[in-house]
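All chains should be modelled from the sequences, with the hints used to inform the complete structure.
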Amino acid sequence: MNKALLLMACLLLLPGAATKGNAARQSETGTAPQQESKARPAARTGAAGPAEKTLVICGSGDSQNLLRQLAKAYEQSHAGVHLDVPDSIGSGGGIKAVAAGKCDLGRVARPLKKKEQDLRLAYLLFADSPVVFAVNSSVRGISSISSGQVVGIFSGAITRWSEIGGPPEKIYVANREKGDSSRTIIEKQLPGFAAIDKPVGQILYTTQENVAAINRYKHTIGYASLSEAGNQPNLVLLRLDNVAPDRENVRRKRYKLVAPFGLVWKDPPDQEVKNFIDFLYSPAAEKIMADHGVFSALRKREHHDSTSP
Numbered sequence: 014m015n016k017a018l019l020l021m022a023c024l025l026l027l028p029g030a031a032t033k034g035n036a037a038r039q040s041e042t043g044t045a046p047q048q049e050s051k052a053r054p055a056a057r058t059g060a061a062g063p064a065e066k067t068l069v070i071c072g073s074g075d076s077q078n079l080l081r082q083l084a085k086a087y088e089q090s091h092a093g094v095h096l097d098v099p100d101s102i103g104s105g106g107g108i109k110a111v112a113a114g115k116c117d118l119g120r121v122a123r124p125l126k127k128k129e130q131d132l133r134l135a136y137l138l139f140a141d142s143p144v145v146f147a148v149n150s151s152v153r154g155i156s157s158i159s160s161g162q163v164v165g166i167f168s169g170a171i172t173r174w175s176e177i178g179g180p181p182e183k184i185y186v187a188n189r190e191k192g193d194s195s196r197t198i199i200e201k202q203l204p205g206f207a208a209i210d211k212p213v214g215q216i217l218y219t220t221q222e223n224v225a226a227i228n229r230y231k232h233t234i235g236y237a238s239l240s241e242a243g244n245q246p247n248l249v250l251l252r253l254d255n256v257a258p259d260r261e262n263v264r265r266k267r268y269k270l271v272a273p274f275g276l277v278w279k280d281p282p283d284q285e286v287k288n289f290i291d292f293l294y295s296p297a298a299e300k301i302m303a304d305h306g307v308f309s310a311l312r313k314r315e316h317h318d319s320t321s322p
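The number in the working numbering is simply the position in the sequence shown, starting from 1, with 13 added.
Simulated crosslink set (BS3-like; lysine-lysine; CA at most 25 Å straight-line):
1. LYS201 to LYS191
2. LYS85 to LYS287
3. LYS66 to LYS85
4. LYS191 to LYS127
5. LYS279 to LYS126
6. LYS126 to LYS201
7. LYS191 to LYS211
8. LYS115 to LYS287
9. LYS231 to LYS211
10. LYS191 to LYS269
11. LYS85 to LYS115
12. LYS127 to LYS269
13. LYS300 to LYS266
14. LYS279 to LYS128
15. LYS183 to LYS211
16. LYS66 to LYS279
Please keep in mind that the hints were generated in silico from the structure rather than gathered at the bench.
Listed below in C-alpha cells is the structure:
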C-alpha cells in the first residue's frame, strides 16, 4: 500500500482515537519521521568549473517552504552560492544540527528553550507567522470557528459539522504531536485545548504531511502555520473567534496564535551567513514573506540587532 493510501486509511479509521506513534518521530521536539540531520553536502561544481559555496538551512517544517523561496531569490542575486533547505527535522533538530556543525543555519518556529540557550547560538527572529485552523473545501458554510468549538472538536465532544453550522458529515481531525510548535502555541492561547486529556483524530508528524492530509481528505480539520497552509487549492482558512489572521490583527495582537520564525547560527558567522542575514532585511525578502502569509519582524529592530541567548 502506498503512503497516500495508508494516510487515508489512518484518517478514516477510528477518527475518535489519537494514535500514539513512535516517540522518535516527533518533529518539533526532535527528529521528524525517518529524517536525520546529515552531514553538509559537498561544494557543487558549476558549469564554468569553480565550486559553489553551499549553505545548509535545516530545522522546522513551518518555515520550510518560505525559506526555500527566500533561498531561491538569494541565489539569483548571489552567484556562486547555493542554499540547501532540506526537509523538516523540527526546530529542536535544527538547533542540535547547527550546534554540531552539520548545518550553517537552523530554522526554528518557537522560542529557544533554556537548555538550547546554553548552546550559545546567535538567534534572530525574522518573521511572525499566524497559526491557522483550516478545513478541507468540502466543509461548506463555515468561515469562522470559536475557541469553544475548537476544543469541542479536538476533544471529541463535537463530532459532526452540522453541530456548528456545516454539512451533516462526520468531522475528521488532523492533529500534531505534543511539543509541536503550532500545537504548543494553541495550547498556550486556548487553555481548554491544553486541558484535553485524549485528543481525537490522527497524529501527523510534519507540517507538510499535516497540510497535505487536510488538503486531500474531505471533511477534515487541522492547523498549521499560515506560511504552509496558505495558497493550498483545497483548504479554507478559518477566522478564530471571528478574527482574521491578517497583518493588522497580528500587529494589534487581536489575533493571538502567532509563531515566531527564527534562525540560529554559530557566532561569529562566516561571511556568507552574514550576507544571507543582510538579505532578509531587503524589500525583496519582505515581499516574499508577505506573499507567504508571514510578516517581517525585522522592521521592529535595528539592523543586525540579533541576540546571543
